[in-house]
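Protein chains: 2
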Amino acid sequence: MSSFATSKEGYTWSPEKGLQAGLATEGAIRPLSSFAAAQSSKPFDTIVIGAGYAGLTAARDLTLAGQKVLLLEARDRIGGRTWTAQVDGEKYEMGGTWVHWTMGYIWREITRYGLERKLKITPNELYPDYAFNRTNFNGTIFTESFKPNFEMCENAFKRFVDVDGQLGATVVAIPTQVMDGPLVDPELVDKYDRMSIADRIAEVRAKNICSERELAYLIPWFVLSWGARPENASMLELIKWARHGENSFGMLASILWFYKFADGQSHFAKSFFDEAFESGNLCYSLETVVTKVEDRHGSVEVFTNKGSYKAAKVVCTLPSNVAAKVQFSPPLSPLRQEAFSQKHVGQGHKIHSLFSKPEFRSGVWNAWNEPGHGETLELAAAFGDQTLKDGRVSVVSFGGGNSAQNVPSQDPTKIKRWLTQVDPELEQPYLGSIWHEWIADPYAEGHWCMWGPGHYTKYFRELQKPHGNIEWASADWADGWKSFIDGAIEQGGKAAYRITKEWRRRPQQSRL
Amino acid sequence: MSSFATSKEGYTWSPEKGLQAGLATEGAIRPLSSFAAAQSSKPFDTIVIGAGYAGLTAARDLTLAGQKVLLLEARDRIGGRTWTAQVDGEKYEMGGTWVHWTMGYIWREITRYGLERKLKITPNELYPDYAFNRTNFNGTIFTESFKPNFEMCENAFKRFVDVDGQLGATVVAIPTQVMDGPLVDPELVDKYDRMSIADRIAEVRAKNICSERELAYLIPWFVLSWGARPENASMLELIKWARHGENSFGMLASILWFYKFADGQSHFAKSFFDEAFESGNLCYSLETVVTKVEDRHGSVEVFTNKGSYKAAKVVCTLPSNVAAKVQFSPPLSPLRQEAFSQKHVGQGHKIHSLFSKPEFRSGVWNAWNEPGHGETLELAAAFGDQTLKDGRVSVVSFGGGNSAQNVPSQDPTKIKRWLTQVDPELEQPYLGSIWHEWIADPYAEGHWCMWGPGHYTKYFRELQKPHGNIEWASADWADGWKSFIDGAIEQGGKAAYRITKEWRRRPQQSRL
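Protein chains in written order, with this note's numbering: chain A, 1 to 512; chain B, 1 to 512.
Take these hints with a grain of salt, some might be off.
Repeated chains share a single entry, so a pair holds when one copy, or any two copies, can fit it.
What the hints assert, rightly or not - Below, simulated PhoX-like cross-link-like pairs (lysine-lysine); rule was C-alpha separation at most 20 Å, straight line:
| id | residue 1 | residue 2 |
| --- | --- | --- |
| 1 | LYS207 | LYS158 |
| 2 | LYS292 | LYS306 |
| 3 | LYS465 | LYS343 |
| 4 | LYS118 | LYS414 |
| 5 | LYS147 | LYS158 |
| 6 | LYS310 | LYS68 |
I should point out that these hints are in silico values taken from the structure, not numbers from a laboratory.
Generate coordinates for the entire structure from the input sequences, incorporating the hints supplied.
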């Protein structure tokens, strides 16, 4: 395995070595930039802000189309909210991870780069084969065989989402068209965006739609998915997710949780980067923080800590929770500014933890305490993710809802306590953890973007609109798999297409 | 609605007007070619043979990448085995029709061209709402409400495909990787490719896995899907289809049968064509039949009825049932020649028929007579597809198994007889039909490509291999949605990527 450069990002903690910061990753492109400061006055066709998947896709498509592109990234690595850390010869996905062939944009790229045969299965080395599920809900712990428990959930999930007798299909008929489309009923969309998942839980309890045992399984999964408490989650988003999987929890599970890259996400990200760079049309600069963007009739100037650069167009892929840190001239619309000031609620943890117990490879845990039933838990779900070469087992855990101030690096021994609160049996074999603190990350301030009630209907359309010569592209407001890598690729590709379509019609174009 | 040019292809029949050939379509690009014969000696970077979706995608990607491309097509229209006929102000899909967001390649293109909000629903104007199902199996006719019948089928389908207790997942784990991949078990793949669907039906009956009522619904759907009798259909392909929809018949139904373009498939095809043409890098020539392809060290010469043309590379998208009509030098490998001589079994009808009964809009019919139970039926399935502006209803019907010599144009009154054999009630309100004869079509000799037992395992890998400087791209051997438009786009895109990757590494490339 080739050795990768080390990013400043990422943490590990173990009793022996304590807290260490900075992990190796294939995404740590070196040198940090491809051009000397002296060339900085050269105008570009497009400047792409951010080298996450939205920016990488835009840069790739634009350079292939023949444009001169400058790609700027604040971090010392590409990948944005997705990157693979290399620790002691093993790979850990710090952010976005799983892929599926029904996610159109990402699958096209996966096969384009020949990576579809290099997938690993999270549930187990062979076809999905988890053994047990431990649920810890409102102070009661259940352990069951995984399969029957999962089948129970399949059925319960359908009922939970079935707000209209049509499995939510009258609310979201086509999941890639939530706000606009021939089948959209704006009144229903509005109604369910105002409803929180907690509202729906209350309704489901009142009408006996799901049993307590079923809710004990479902609610922690909602917390995992949002990185937020049910009262802060929009029911509209849950209906949309359900419709993506045609209301099958089994289908959704296989889409969201099964297949990942053997070579890691950063290898995939680098494939985009390499193709763009090999075109000969790409300049890039990492550790370059954008402070201001000025759009002055026909030209956009991007100001950074390394200098300023000009282009005809900009593709801005800043995550919504940090976009307000950049100054725009002319200023952004009041509605967009308001959207950016309303932080999205995806404020959860993703922590890999190592254990000396082989059977943990086959385990799934979910845990939650509702208000009045004990301390709010920091982690809501965990599952066996990989067996390391030395036999240790890696379990990945997620959580949210309590965590805006609660970052592990401040006191890493907290992680073991959080795990033990999920399941006391996780305590003794615990060996240490690997993680990225998305909540405290200045270039993300959150993980994948999930919205609270009302946000979708109020801001979605505005967030997609261009701002003069600035196109906005982010998974945060994707039409399809919003909040996923697929959504980022969708958005980057769409922005690049709009720009190249206009660019091709410039006067010097001629036909054969 | 703009008026389109008329292709020579397509038929209509009504009692009043009799048989008429040649229908208007947006795919009838005019003029028929973009260059005068005098320019025919100009060398191209790539020649693309065939302007179906594989060829259109390849031409689009290659021209965008900067290559000079010549697109040759035998027909007087683009679209290949997919095109939209315009008849009396209404659109009819003559071939490939339905799309879905889980089909990655096609969905990316649909959103790229802004067509995702212009979808129509086949089951009905509103969210899917068929009312009745009439089954005519082995001489017995049942009529039931659609919904409970469909739910029965969902369950039965799972059991039918469950050859291994894992819903076929040990045979085809990842549906885009049937022959090769980390989870492929070659023995199982071979075993189920040798098994015909008829073999499985016999096993299912012997072990009481499905009831006769359930088989009465499933078997006609197999005939529809293959355009062939169950004894000529490979069980491996059925398992692959099932895995694409995670074994949910409901999911498959929504993927295969629900959403189509309001503006028609030809409009979608023209979007690819227009983008390629607007690049300034495309030459095209319709009504141009390829007779020979000669690959002589570094240059390929393509001989046609309009002249010969040279290029460094060729993308050949000829459907497998007609590829043997072209002479290749050097000759194709013995295995590939054998594959082309073994016609694929997708030899079915697709016929639109008009009725004066509004309730037929909400109907689904399926019909089949097994050997020994009466005459083999020519049509196996039908369903209400659209209500015309004047109130007439269009029902689309499919069939296969008996039809290699039985083309409607020889005696169009046969259509009414075939429909009446499905359901006597279809006779009196019958007003006429619109269709394309894929079986007799010299450039297709069949519809979508479905294989008989053994074909997949024997020929699939070989069909994908390049032949010197000739890349082969067709839905017929796609990795993902083989036989679908999505597979064609997959293949065309992959061929273009391979060619441009090699092309970019030519000596004159330099970096910024």
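For each hint, the structure was consulted:
1. LYS207 / LYS158: within (15 Å within a copy, 31 Å between copies)
2. LYS292 / LYS306: within (12 Å within a copy, 58 Å between copies)
3. LYS465 / LYS343: Answer is within: at 19 Å inside a copy they meet the 20 Å cutoff, but 51 Å across does not.
4. LYS118 / LYS414: Classified as neither: same-chain Cα gap 35 Å, cross-chain 52 Å, threshold 20 Å.
5. LYS147 / LYS158: For LYS147 and LYS158, both the intra-copy (17 Å) and inter-copy (17 Å) Cα distances are at most 20 Å.
6. LYS310 / LYS68: Cα proximity of LYS310 and LYS68: one copy only (11 Å, versus 31 Å across).
When each numbered hint is compared with the structure, a violation occurs for hint 4 only.
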